[in-house]
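Student: What follows is each chain in one-letter form.
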Amino acid sequence: MRTIDRESIQNLFAGNIRKLLIEAGPDYEKLYEIRLRVGRPLFLVYAGGERFLQIKRGEPYFVTRQDLKETLEYVCGYSLYAYEDEIRQGYISVQGGHRVGVTGKVLLNGDRIRGMKYISCINVRLSHQIPGCADAVMPYIQSRNHISHTLIISPPRCGKTTLLRDVIRQLSNGREGIPGVTVGVVDERSELAGSWQGVPQNDLGMRTDILDACPKAEGMQMLVRSMSPDVVAVDELGREEDFRAVESVIHCGCRLIATAHGNSVEDILNQPFFQKLKKMEIFEKYIVLGDRKQIGIIKGIYDEKGQKC
Amino acid sequence: MLKMAASLLLILGGAGIGYARSREITEREKNLEILLQILFFLKGEIRCGNSSLPDAFREIAAKISGFFGTILRDAAQEMEDTGGKNLEEIMEFCIQRNFYQGNPGGSQRKEEMEILRTLGRRLGYLDREMQIKQIELLETDVEEQRRQLREKMPEQKKICQSLGIMGGILLAVLFW
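As they're listed, the protein sequences go chains A and S. According to numbering that gives the first Met the number 0, the residues represented by the first sequence are 0 to 308, in order. According to numbering that gives the first Met the number 0, the residues represented by the second sequence are 0 to 175, in order.
Hints were generated in silico from the structure; no laboratory data involved. Remember, predicted model here, so these are calculated numbers, not experimental data. We put the CB at the ideal spot given by N, CA and C, even for glycine. Do not rely on the hints blindly, as some may be mistaken.
For each label pair, taking beta carbons as the anchor points, the in silico distance ranges come out as [what the hints assert, rightly or not]:
| hint | chain 1 | residue 1 | chain 2 | residue 2 | range |
| --- | --- | --- | --- | --- | --- |
| 1 | A | E303 | S | R127 | 46 to 52 Å |
| 2 | A | D84 | S | E113 | 30 to 36 Å |
| 3 | A | W195 | S | A61 | 19 to 25 Å |
Below, simulated DSS-like cross-link-like pairs (lysine-lysine); rule was C-alpha separation at most 27 Å, straight line [claimed, not checked]:
| hint | chain 1 | residue 1 | chain 2 | residue 2 |
| --- | --- | --- | --- | --- |
| 4 | A | K55 | A | K29 |
| 5 | S | K151 | S | K29 |
| 6 | A | K298 | A | K278 |
| 7 | A | K116 | S | K84 |
| 8 | S | K84 | A | K68 |
| 9 | S | K2 | A | K116 |
| 10 | S | K132 | S | K42 |
| 11 | A | K18 | S | K84 |
| 12 | S | K132 | A | K104 |
| 13 | A | K55 | S | K84 |
| 14 | A | K68 | S | K42 |
| 15 | A | K116 | S | K42 |
Chain A extracted, bound-state conformation:
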């Protein structure tokens, strides 16, 4: 069951939008995203679809530039300068573990992104903490004596981060008579723990150490060196250096739980960086999540050979 503090969500928005949200009273437990685009209607995105935020007479509310400016001011606590690094990456983490994505005109310094101006779209992604959503996959990942190297595969917005979060929590706390283990999490985008001012806003378990806003590759090495975790968990493997770090983690004797974008095991294993891992048969379990129509649907669980379990 998701638990959302509706007031903290409403407080992120400009006065006009806040008023409409209070009047409309959307079901925050089922709400996944609130999307603001300048001159466009404001969308409320639910698990099964989307709807406009309406003003009286059923007309959609059109977002103004002032709404966006004001919203950004509240999201940043009147301190845009303090979030320069986050804005460069395209998102800001806020209290409650929610993530505010921004797009606009990107400012470059040579090849590097220096910042962003004329921000024209804001997407507030509500953090989904669903304790127990990993119950069905835990027996495949963990037995009494063994934790499998596991890769969770799904397209965006299908619940892989939510699933990983609960896997971490269950590994860390222990379950059904299996004692908990130490889990090290590299939370590069502050999405897993949803840390705000260094404090995790989501429950990742009592034996979990979190490296917040740290690049995955460096973070994995740091955790292994400093926290001696039994399990290392990371979200969204994708860059070459991530795979080098994965190898070193595995050779250190840690177990690895990770996620990646994809539609199927074949899809993932055909990607160049995953091919080496495939040859080495590093991942013992692949969990594939379903399509966008319904979030959190497990399409299949596969072993290291790609055979369905």
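Position chain S relative to chain A; hints supplied.
Tutor: Frame of chain A; chain S shown alone:
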């Protein structure tokens, strides 16, 4: 005898008013000193700690006791409550609440409040360097105000004290 006593009271009263006014000038210098300290701290919080304004204000409020500390603490709270106001409105609201409605010492003057208002107007947008430059600009303003005050202070204090005593004597003579 009664006349003597009344005259003495008038002279003492006049002198008291003069000294109180002269004390206000000294207080004003202290207030400018505190405002400068606030600006130094704020610059440090932004430059070294990359703190957001609510955090920075709260940290500074813990170091600066009294009236200015209360305004900063209130402003930090207001920013976190995000009641649909911009930073300028928040500063104005906190100044109004603390200065006009519950001014405890009464020694803070409108000029000092204007400095806090300017802070509210200038902060909160664009990048870190711009914030620091805006604070430095305000620092220069405050330093200039303090310099001018210091230059005129001995003279002004003397005038206030003398006018107080002389006023008292004048009233005593008139009522004799």
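Student: Confirm or reject each hint.
Tutor: Results for each hint:
1. For A:E303 and S:R127, the Cβ-Cβ distance of about 48 Å falls inside the hinted range of 46 to 52 Å, so the restraint holds.
2. Judged by the Cβ atoms, the range 30 to 36 Å given for A:D84 and S:E113 holds: they are separated by roughly 34 Å.
3. A C-beta distance of roughly 21 Å is found between A:W195 and S:A61, which places it inside the suggested range of 19 to 25 Å.
4. Note on A:K55 and A:K29: the hinted pairing holds, with a Cα-Cα distance of about 23 Å set against a maximum of 27 Å.
5. Between S:K151 and S:K29, the direct Cα distance comes to roughly 15 Å. Compliance with the 27 Å bound is thereby established for this hinted pair.
6. For the proposed pair A:K298 and A:K278, the alpha carbon gap of about 24 Å is at most 27 Å, so the pair holds.
7. Between the alpha carbons of A:K116 and S:K84 the distance comes to roughly 22 Å, so the proposed pair stays at or under 27 Å and holds.
8. Taking the CA atoms of S:K84 and A:K68, the gap is about 12 Å. The hint holds against a cut of 27 Å.
9. For the proposed pair S:K2 and A:K116, the alpha carbon gap of about 77 Å is over 27 Å, so the pair is violated.
10. For the suggested pair S:K132 and S:K42, the alpha carbons sit about 9 Å apart, so the restraint of at most 27 Å is met.
11. Of the pairs offered as hints, the one joining A:K18 and S:K84 holds, with about 14 Å between alpha carbons and a cut-off of 27 Å not exceeded.
12. Distance hint between S:K132 and A:K104 is fulfilled; the C-alpha atoms sit about 24 Å from each other, no more than 27 Å.
13. For the given pair, A:K55 sits about 24 Å from S:K84 by alpha-carbon distance, which is consistent with the 27 Å threshold.
14. Between A:K68 and S:K42, the direct Cα distance comes to roughly 24 Å. Compliance with the 27 Å bound is thereby established for this hinted pair.
15. Under the criterion of a C-alpha separation no larger than 27 Å, the hint pairing A:K116 with S:K42 is consistent with the structure, at around 24 Å.
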